[in-house]
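Chains as they are written, first to last, in this note's numbering: chain A, 77 to 421; chain B, 77 to 421; chain C, 77 to 421; chain D, 77 to 421.
Think of the hints as simulated: they come from the structure by calculation, not from any bench. Honestly, I wouldn't trust all of these hints.
The list cannot tell twin chains apart, which means a pair is met if one copy fits it or any two copies do.
[As the list claims (entries may be wrong)] Pairs of lysine-lysine, DSS-like flavour, derived with a Cα cap of 25 angstroms:
hint	residue 1	residue 2
1	Lys275	Lys126
2	Lys121	Lys275
3	Lys384	Lys275
4	Lys136	Lys336
5	Lys243	Lys384
6	Lys136	Lys126
None of the values given here were measured: they were computed from a predicted structure.
Residue-level listing of the chains:
There are 4 protein chains.
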Amino acid sequence: MLKVGILGATGMVGQKFIEMLEGHPWFTIEAVAASERSQGVKYGKLGKWKLSTPIPESVKDLEILPVTPEGIGQIDLVFSALPSEEAGPIEEEFAKKGYMVFSNASAHRMDEDVPVLNAEVNWQHSKIVDEQRKRRGWSGAIVTNPNCTTAVLTLSLKPIKDEFGIKRMIVTTMQAISGAGYPGVASLDITDNVIPFIKDEEEKVVLETQKILGELKKPAEFKISASCNRVNTTDGHIETVSIETEKKTDPQNVAEVMAKFQSEPQRLGLPTAPNPPIVVRYEDDRPQPKLDRMEGNGMAVVVGRIRKDEALEGIKYTVLGHNTMRGAAGCSILNSEYFKAAGYI
Amino acid sequence: MLKVGILGATGMVGQKFIEMLEGHPWFTIEAVAASERSQGVKYGKLGKWKLSTPIPESVKDLEILPVTPEGIGQIDLVFSALPSEEAGPIEEEFAKKGYMVFSNASAHRMDEDVPVLNAEVNWQHSKIVDEQRKRRGWSGAIVTNPNCTTAVLTLSLKPIKDEFGIKRMIVTTMQAISGAGYPGVASLDITDNVIPFIKDEEEKVVLETQKILGELKKPAEFKISASCNRVNTTDGHIETVSIETEKKTDPQNVAEVMAKFQSEPQRLGLPTAPNPPIVVRYEDDRPQPKLDRMEGNGMAVVVGRIRKDEALEGIKYTVLGHNTMRGAAGCSILNSEYFKAAGYI
Amino acid sequence: MLKVGILGATGMVGQKFIEMLEGHPWFTIEAVAASERSQGVKYGKLGKWKLSTPIPESVKDLEILPVTPEGIGQIDLVFSALPSEEAGPIEEEFAKKGYMVFSNASAHRMDEDVPVLNAEVNWQHSKIVDEQRKRRGWSGAIVTNPNCTTAVLTLSLKPIKDEFGIKRMIVTTMQAISGAGYPGVASLDITDNVIPFIKDEEEKVVLETQKILGELKKPAEFKISASCNRVNTTDGHIETVSIETEKKTDPQNVAEVMAKFQSEPQRLGLPTAPNPPIVVRYEDDRPQPKLDRMEGNGMAVVVGRIRKDEALEGIKYTVLGHNTMRGAAGCSILNSEYFKAAGYI
Amino acid sequence: MLKVGILGATGMVGQKFIEMLEGHPWFTIEAVAASERSQGVKYGKLGKWKLSTPIPESVKDLEILPVTPEGIGQIDLVFSALPSEEAGPIEEEFAKKGYMVFSNASAHRMDEDVPVLNAEVNWQHSKIVDEQRKRRGWSGAIVTNPNCTTAVLTLSLKPIKDEFGIKRMIVTTMQAISGAGYPGVASLDITDNVIPFIKDEEEKVVLETQKILGELKKPAEFKISASCNRVNTTDGHIETVSIETEKKTDPQNVAEVMAKFQSEPQRLGLPTAPNPPIVVRYEDDRPQPKLDRMEGNGMAVVVGRIRKDEALEGIKYTVLGHNTMRGAAGCSILNSEYFKAAGYI
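Please put together the full structure from these sequences, using the hints given.
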């Protein structure tokens, strides 16, 4: 069993890491670290747990440690659920000291030598880590996962891009409140409401999608337009996607290509890899966040309503994924499993 | 004062007609009609009122009448809030007997000689009524308004089409539960959920938008793609819209053209006409259903987030309108005011 | 393995029976029965599944059968999730033909020779079944469970009544929408709202509580006042309870007595019995439906805020339980396990 | 017209003061004051307005002033919407400098010489202000209103206490999120949830109710038990109330006494006084927050479900009132109207 630590263990994503790592066949949580005001307290005594699953027994008695390599001590890898505005230098410090850092923070995503990894989509990007180490003189490394919206979106785009090519894509998202962390969205703002704006989200969707679906150091060049909205759901981002493909295709074809899609994590049988990674539904009214977000233990994306897009003379569909699982903690865990299987850890 | 009647007066749209006609300067409600099981009861005793405004005193003592010309008796015009599957022959019967019927039902919207009127957008289509009367041998006539989504959408599209032309348009909607009537959407279906499907809605958006923005008997030919979703809001449909225009333009230009838009209802000073009909907001996070749906007494649409659409090399924005006011009862009332001002009544 | 059937298998409670019986160590579902319009269809093809867990594979291929002994065929026991207004004669027919019927319907709850069983509270009432069989000439029998609110309430009252006696009790409930079945509560009625009334619920709470906490054929005589409200939660009924006890006590005492409560299902180690059956929380702000309803796999009740009641000079607390698990399907399953352990099946 | 100022004008209650004072026949807003980080900005430019009614034009151009007598300048009275933890010394400073302060903060409510005024209930308590001025050497004075829950509750209790006497009372509340201010309740905490705890609320309900329904300096002595819950509604607190009366009575009697209740604000015809102050509903399922909170322009309380309480051998009912109108800003405004009518201003 590898010993893992969680940086930013008390926030929503930190809690999700703990929940998803419970019972993991390869990893055992040895260290939880958080900001000063929680340090020294036992995790189970903190009173911030917001998930409906109980705190795992194995974590209850861990004392909350400082977010430094010295504070954490000797372990095999760390997951970072730090706020993006704090994560930058802290993650670098860990990588420098030899830790593999799997980060959900956006701080380093756009660094040229840091992969934004969504394992089924661009597992080959993992090798940029060699350059990262050499260039920065680190024995560890930083591996990021995309923002929640992009994680869900790119997984659905991957087989389409491979099979038909993508010329342009328009996406409108309806995102759950858990995506904003805790306390996050005020209830007075979202009850009986939609908020048609999420700060920096549309920019991230464009840039991260192009990086993930591109080649190493060469982002994909197709044109992307994103409109991101917050809606009153707890978990599960749902997105309408319109695509003009390079090669002409039709909904039936696209459904088949998506339904049969397999990738490296499935071939390697990674513990957190959903199989199939893309679940295609043929009912008129699916996917739905409440009914479908836990598909593949929260790691699959569910696609439905695949049909012609009359305006683009292409195709359109609706895709759903669990934003704090596939879109955050789970994506990071899957990435780390890939790195281990690939011999990096 | 003209005497008006309401067909289907007990449903959600019927109630909205009653609420919006209270205190109207030209119209007074003389007759309320509904299905057999309510007939003979006083409206105020029915116990089906679902609005947070109280039942107007003037309507409380009206006895519910049969939905027939004989049942209603001699009045000046009727508003139809009948279910679309029942409305067809009933509305024809009224028109034949000389009544002007302003209908929210979809039954006759696609009839070539029946206007789908959204007064600011295509008031000139009113004159097709002359042909309708002649062809059908009626002394009355049927005038429909568009479905709620299309009413909101086409009002926002009108100044763009006039000024820049539209080549293609992609719209994703997030629609309120009141759009499905009562009892409509089950709470178990929509709490903590989004339903990515509304029966027949996308087809209506395409066909009605093309009819309204086209010329008489010659629908507009630009390509439309619609994805319609139900979200957990009570009132107010919000839509993300991406457009490729004929003439190149930019967000600033589009904002100006929308903000200064005026049309015939404003020039005529019709009682229910909002002024301005399109309210442009410049904050990042507007429009929002809860905060903006009552703009212009529920009759204006609110547009925000006007920006470049990178995928279409055009523009995109978010538009909001009150679905049971601008999108249903209010639109019908405004249409009837236009017909009166134009001398048809 | 005993073969079980589910009557009314397509409704919300029927679905919950199926979900909770998946993987059961003693029971395997052999028959699913429902009203005529579903008969003959495979369960997995029906399209009515509303739970977020997927339909168990083992049930997908079962054909939906008629709700008659002949239709169901030879099995060991049936669970009834029939609507209360239909359940009466159907359940009698099954009992007459030799089936043990564990019913969630209210039809027979007030029959003197039918137990309303909440296993931890009144397992001894099971023996009235002997009289039921003799008097009615049945080889089978009917065993009911209480309505959801009462199931949760009486489990929390049991140790208090045993230890301190109860003179009077006042309860106000805040009940989840799933308690009304599907389609049940209209979203327009409950969004941003509380409905201070649930038909027949307060009467049931009073009569069923007195029957369950009384002796066989001799209902408890303490006075009960109930106010039942529907609130906008999906699952989990939460109730504030004020009690004047016979013997004086204090919150500390009551907490201890509740926390250490064990009963026959725990002693027998029944598969569905939660242990502990009552979870006592000491934080100010627990129990909460979202966080605590799954305690004990949805079979425990969670009690918190135990404090003095100044008006009754007694004690008060808040109790929560999962209404479709502890309060419906799960209670029936636990009852059937007790009957099996007691040798009736 | 009297010139009024609002302290804490940018928060939720401050906004409600502004909304409710728009068009007031006696008062005109001359000054808005708030904490340092908003000072100097025009109110209309602040971007914090959360109400669905637009910001009144008359307030848009007011510059936000410091919360000091010098900052506010010469005006006739101030309304305080300050946070309770800051309000204490600031309100004293204003009273000392000669201002009448009508405060929604709890800071001074329990001061013996400060009235907690709910005008229909205890208008006579206003005269304690004479003692306050004398004792403290102030030319101004502080007048508080009760917390939102108590304002609604005591208005419903007043006619019962007068007519039948009250021996004990048990109340369970279901309170709206707007009661917690902004940002207040996190959406992750309240979506699909009930929170069975509101800090200090139960203590306030007991003490303020006894003070309001008592005589000057002699709180009422009947026993009160309160359980306060936060539910997922935007506005409107709804409460179930069980009462043992001194004199025996019945639901019919209580309904009549409540329905015909009139008090000093109604007799004086104060502008904000609802008439009737208590609206009695006879349907099974009323009052409901969404449908009834705006009764009497948000200033009436609505009572329904009046029935026997079997446990107390008394009566029980459900009462609803708008928490930020009757329960906060509106109550303060009504109090100030009474003071003006009584010649204090």
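For each hint, the structure was consulted:
no.	hint	in the structure
1	Lys275 to Lys126	both (24 angstroms within a copy, 19 angstroms between copies)
2	Lys121 to Lys275	between (33 angstroms within a copy, 20 angstroms between copies)
3	Lys384 to Lys275	between (31 angstroms within a copy, 17 angstroms between copies)
4	Lys136 to Lys336	between (41 angstroms within a copy, 22 angstroms between copies)
5	Lys243 to Lys384	both (15 angstroms within a copy, 18 angstroms between copies)
6	Lys136 to Lys126	within (14 angstroms within a copy, 34 angstroms between copies)
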